[in-house]
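Can you make the complete structure from the sequences, with help from the hints?
Chains as they are written, first to last, in this note's numbering: chain A, 1 to 260; chain B, 261 to 520; chain C, 521 to 780; chain D, 781 to 1040; chain E, 1041 to 1300; chain F, 1301 to 1560.
Each hint can be trusted.
Below are the BS3-like pairs computed for lysine-lysine, each with C-alpha atoms no more than 27 Å apart in a straight line:
hint : chain 1 : residue 1 : chain 2 : residue 2
1    : D       : K858      : C       : K598
2    : F       : K1551     : F       : K1465
3    : A       : K217      : B       : K284
These are computed hints drawn from the structure, not numbers from a lab.
The structure presented is a predicted model; accordingly, all values stated were derived computationally and were not measured.
Below are the chains, spelled out letter by letter.
There are 6 protein chains.
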Amino acid sequence: MNDQRPFAAEMPWPDFHARVKNGKTPILIPLGSMEQHGHHMPLHVDVLLPTEFSRRVAEQIGGLVSPTFNYGYKSQQKCGGGNHMPGTISLEGQTLVHQLRDVIKEFARHGGRSFAIVNGHYENSWFINEAVDLALRELRWDGIANVKVVVLSYWDFVNEETIAKIYPDGFPGWAVEHGGVLETSLMLALYPELVQLERAIDHPPATFPPYDVYPVKTEWTPASGTLSSPKQASREKGELMLAVCTDGIVKALRDEFSIN
Amino acid sequence: MNDQRPFAAEMPWPDFHARVKNGKTPILIPLGSMEQHGHHMPLHVDVLLPTEFSRRVAEQIGGLVSPTFNYGYKSQQKCGGGNHMPGTISLEGQTLVHQLRDVIKEFARHGGRSFAIVNGHYENSWFINEAVDLALRELRWDGIANVKVVVLSYWDFVNEETIAKIYPDGFPGWAVEHGGVLETSLMLALYPELVQLERAIDHPPATFPPYDVYPVKTEWTPASGTLSSPKQASREKGELMLAVCTDGIVKALRDEFSIN
Amino acid sequence: MNDQRPFAAEMPWPDFHARVKNGKTPILIPLGSMEQHGHHMPLHVDVLLPTEFSRRVAEQIGGLVSPTFNYGYKSQQKCGGGNHMPGTISLEGQTLVHQLRDVIKEFARHGGRSFAIVNGHYENSWFINEAVDLALRELRWDGIANVKVVVLSYWDFVNEETIAKIYPDGFPGWAVEHGGVLETSLMLALYPELVQLERAIDHPPATFPPYDVYPVKTEWTPASGTLSSPKQASREKGELMLAVCTDGIVKALRDEFSIN
Amino acid sequence: MNDQRPFAAEMPWPDFHARVKNGKTPILIPLGSMEQHGHHMPLHVDVLLPTEFSRRVAEQIGGLVSPTFNYGYKSQQKCGGGNHMPGTISLEGQTLVHQLRDVIKEFARHGGRSFAIVNGHYENSWFINEAVDLALRELRWDGIANVKVVVLSYWDFVNEETIAKIYPDGFPGWAVEHGGVLETSLMLALYPELVQLERAIDHPPATFPPYDVYPVKTEWTPASGTLSSPKQASREKGELMLAVCTDGIVKALRDEFSIN
Amino acid sequence: MNDQRPFAAEMPWPDFHARVKNGKTPILIPLGSMEQHGHHMPLHVDVLLPTEFSRRVAEQIGGLVSPTFNYGYKSQQKCGGGNHMPGTISLEGQTLVHQLRDVIKEFARHGGRSFAIVNGHYENSWFINEAVDLALRELRWDGIANVKVVVLSYWDFVNEETIAKIYPDGFPGWAVEHGGVLETSLMLALYPELVQLERAIDHPPATFPPYDVYPVKTEWTPASGTLSSPKQASREKGELMLAVCTDGIVKALRDEFSIN
Amino acid sequence: MNDQRPFAAEMPWPDFHARVKNGKTPILIPLGSMEQHGHHMPLHVDVLLPTEFSRRVAEQIGGLVSPTFNYGYKSQQKCGGGNHMPGTISLEGQTLVHQLRDVIKEFARHGGRSFAIVNGHYENSWFINEAVDLALRELRWDGIANVKVVVLSYWDFVNEETIAKIYPDGFPGWAVEHGGVLETSLMLALYPELVQLERAIDHPPATFPPYDVYPVKTEWTPASGTLSSPKQASREKGELMLAVCTDGIVKALRDEFSIN
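Written out as structure tokens, the structure is:
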């Protein structure tokens, strides 16, 4: 394991086959999006982060990482700024559902039985659930009933102690994290060359009423596209999160897939 | 307004027509589900509550309430106990999306321009967003570009003061509210004859890991089907919530639809 | 059975479970529509009638009634006045098909094996057939091959003797019954408070050429929206029909589901 | 017109173009099925008859006949014997809907504005309506709003006088006509070489309860596959029907398309 | 076999049943299109040719020919002139996929296990592959796992010797054959009354860049609609191709279906 | 242009916006697959190659490259070895169609008007055509009628002189190129670290009959998964192809998008 990267698509098929056919190797499927993340970060933050989490986790648990889903569900205003923002390129819900359904089924056809969907874009969440349900159903129809799928978003493994360290002055809340300190710190830890923190715009956390409006009222989204200021982001905070989340995911998958 | 119920389907068509054709009357569409809510409440809690909120709000703002959607998206384990629980009868995501898309478009065809989707089942949320997006798109293709849709879940209007009153000993959190004090109190305030509080099962709030597993691990869901104990529910708490949420929704819709 | 209403959604899940899990309890699924029925009746006639027939039948045969489908297929001009009429809010064919497919499958997942689709809106008919076919197919794929579905429209149980009594001066025919004597009489028997017979418009039965035209020629539909005059409707005629149809359906379901 | 057959597909494209581009030429689209019609008639009765009606009508009104739809919706037991009968090869509802939607839109793209759907298989009816509605909607989205579609089934033009002549001993009713005297007589008039009347099985008209059951109870369908006996069929009766229906359709289309 | 035509739809159901139920009889399904083929040939060339190939092959191998698919996938500019050409009436990809999926499944339901898809329209090719894959999957879900499908286009059986004879001056290539010498010669051999060679337009083979553009640049397609000149077509060349392709297909199906 | 990589997702949104909003910047969308390419190359050859071609071309013409599609249509036996081969993870046709449709529409929503679909997986071809057609149609419905899409596969720009140089002993043909000299040489030129030529298996070009069989006859595919031997591949041949194809694509897009 330790001499090669765990990306399934980087292997010739015989190596893939050797890893997948017995059903023991966990398959990690990272799901991202192409979505604006403010002036200071590129559009594929939600692709890079779950891919890297998947890679780190896979190396520890002997898993394989499938090619990342580069497009995700439509950005929503109160968690991602909204789909109207330039640079945000999204899929219809059913398109995402079918893509994930297809990919899970295909890995299972070759032997995969243990899957982790590693989500990096909040808006994907419910369509992931639907895709997994449809995939399991069709696999069942094909006589394959022993597939197990863990669905996770990496940020759900950030615990309260970590939040307290990252936000010494108080946490503005997950709801307005988009493009804020957490994501930016992770990017600083992993891809500092892609972060232009000097371009980040400082602004108070966005506030929204307790409902949504369609078509979006564009004035609700801060002009920057971020929902809270990333100015307090740092590489150290990113490394902290990285460690905490990676450990949490590794432990979860070891538990669920009985890996010791 | 004050001499009749605001349910659109209870009117003959000329009355409907008079109300809808000019595009001023808000149309409230309640969305529910058929989902288990513990031993002490019936399966249509998520139908009854948004319907009644819609009725109360509509009476105050001069709106019309469309027939409620009686089925919703698949119950998820960590917010609704899970779709495996007996009594839970759900729709596929795309079925729900298409149903709401169709209904919005039909009301708009007759003149409706202001819509409020009043959700009573958390799992419906993202499919509502998708349905609204598809409906607005097709209406646009038909040359109707001035439709506005407010999407809300009644519980999002409960404020912190109210929570503090309802949970004097501390709020276990929205995540485990399913079938708990909030929903049960509302039902006690509105439909006491449908609540058998003596059958409710007292148990500590459910705890879940920060991920989902499919097929669900049934042992994660408390045997009762509720995610926290409803024992502290009361009619008074329900009336408090009812007032707070109704007021909040009325205010929101007045603002959004410029109703004075 | 006799101490409670047979509506499945009014029960807590343990009661539902006790009734459904052994596959013996017939599940009745009422299908309606939101469709204009003239100046004298509300838009949900097609919801109320099959729901009430389902309730009465279920009480006699020990069945359960699922939540009614509140929206149906597009009203057709020659049987329902046409989808252009104000107040008529319809679903696309495929939306209805998928909704019914999903609901049948979900009840079957919990144990249901005997279903009666109780239709109250003629236009739903063929989409019901398709939905049942798709549901049975997917259930078969899931290894459930012993589901039986009876599809019926309540009016098909009106026999010729009854017609002769209801129309002493001659029956204008089923084709133009929409909003006429039969439906109005049933509503008078069951929901007199929802009928405003004084607003009904007297007109000769509609006549149509032996073909349809799309887009509809609106002038073909009587201005009232009814296809024949409801003026001869009465509570007594409604009660007669109610008895005849209920008895007929009860007998049919007893035969088909071997209930004695 | 009088020197060539009106089948659109038999022409080179310049001739097609000359006929279609100005929107005046009616396009007749015959819809059939592949369905058993007893021991004495082939499986494509429902293809041959509407095609020939379309041809005759088109010649009189200067119309074009598009290629026939060779497959139709699933045969239903009470009107076509049921889809379980050998030889019956059917489409899903949505497949048929999409096929007709596509074809109407394509002809309209080339200029067609006047369409007649000439149905030869009862079970197609509602899916035709849906297809027409979807086609008109998408054409509208493309800025084409002046398309008119007449939907007809040839048998609806048989009048009561004709029925009295064809059934001197009383009409068993349309419901059980499948493979009976009417269809067989038409085939004898048009394609006598495809009818083997000596193989027809004489049996009383089928009787059915006022509901459907799925999966079908195969014993309800007469073993022959016909729902009434074709023994009294004759070429003369067929020619009578042929004349009456052709005249009726010609008149209807002349009226609707303002052809003099 | 030798006393009747092999068209499945020309038989009464008992004869069909006798042939299909044991799974031995190959079912040939011809797929065509309605597509312009120049000034000299009708729009249904792609229907007529695969139908006739199917008939000839079926007679030799004891197969049955199903009703031809009269519409196909959208004409592409570089192989069929383009979908913009008058007279070309096409289906969406998914419509074609579903139609073929449905028809294969239906024949298999009645016993068919050996299928040959006989394609006459190049653009159908990939949608055929998809349809076959979906049909086999659903049949598998229904427990039918022994279906075999051969997919072929008749022209793929033309060998190099034949090409050399047909094009003594050099073959312009398959890419520009549309409406050219091969198709025209086949039509002259089989349906000379439908070919008006005098109307054919002589032009050099079309040349295209190595990519496609959408919307099509109409000037890329020769004004005639053909991609190479049919002027050198002859009945003799058609008969040669007919013999070679028929023999090739017969041999292929004998091999694949173990027919001796 | 010359100081940064042209990948759209690597930019913050204001930079994206500046490039896309005026409609002048060509958007290149690379489409790949996850497909076995023999023992000597990884599974994402079809992702890497069109991405790199897109990058090179974009740099020369001032274009932007969208995130690559990592999954493609089902591998076909005669051009890709077949979907049964381990490591091949594919999408259903409709899933691919919808994904590309969505992405084109989204870029166009933000201003994109000039698109190049850069295909790296032959099996994607027809589904690309369909996706483009659907995207253009829906854009048209949204009032956007000036979008132009060039669809290309990089290998179609290899000219005959190049082929002659790469295959001095004769070209086995495009049909059996899968995993052969062309693809391997390109990989050696671009990603030599991902090629293990020593593991490549030497075998004569695969031969196939002129038809397909489903389910695939696995014995038709060489055990290696390649359809011809890659042993004669070299970095130099790859660089030659790279230059020829890049130049060809650059010229084509300059022509089509009027870039000087």
